[in-house]
Amino acid sequence: KCPFCFSWLKEELHPAVEHLGDDVLRKANIVFDPLPFGNAKEIPDGKGGFSFECQHGQSECYLNKVE
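Counted from 1, the sequence shown has number 65 at position 65 by my numbering; the numbering is strictly sequential.
Certain hints may be false.
Estimated spans, in silico, between C-beta atoms of each pair [as the list claims (entries may be wrong)]: (1) Phe52 / Phe32: 19 to 25 angstroms; (2) Gly46 / Lys10: 35 to 41 angstroms; (3) Gly49 / Asp22: 37 to 43 angstroms.
None of these hints come from the bench; they were simulated from the model.
Where a beta carbon is used, it is the ideal one built from N, C-alpha and C, also for glycine.
Put together the whole structure using the sequences plus the hints.
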């Protein structure tokens with residue numbers, strides 16, 4: 001995972017969502033399903049697929065796939 005994305009989710013998004021509360025989000029029909037992708041590039045392989053290059057190396061790319 002991208003440490004910067006994780007930090008933003010933990011320190012910015014989570015407190016904002018907690019502040020709003022489940023009732024407000026439900027009434028507004030807002031659903032959060034964050035996927036911290038980080039600074040990754042999709043590179044077409046010319047066969048209809050992609051390979052990926054991640055800012056923080058192969059372990060970040062692997063964890064992006066798992067997530």
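Do the hints match the structure? See the list:
no.: 1; hint: Phe52 / Phe32: 19 to 25 angstroms; verdict: 24 angstroms, holds
no.: 2; hint: Gly46 / Lys10: 35 to 41 angstroms; verdict: 38 angstroms, holds
no.: 3; hint: Gly49 / Asp22: 37 to 43 angstroms; verdict: 39 angstroms, holds
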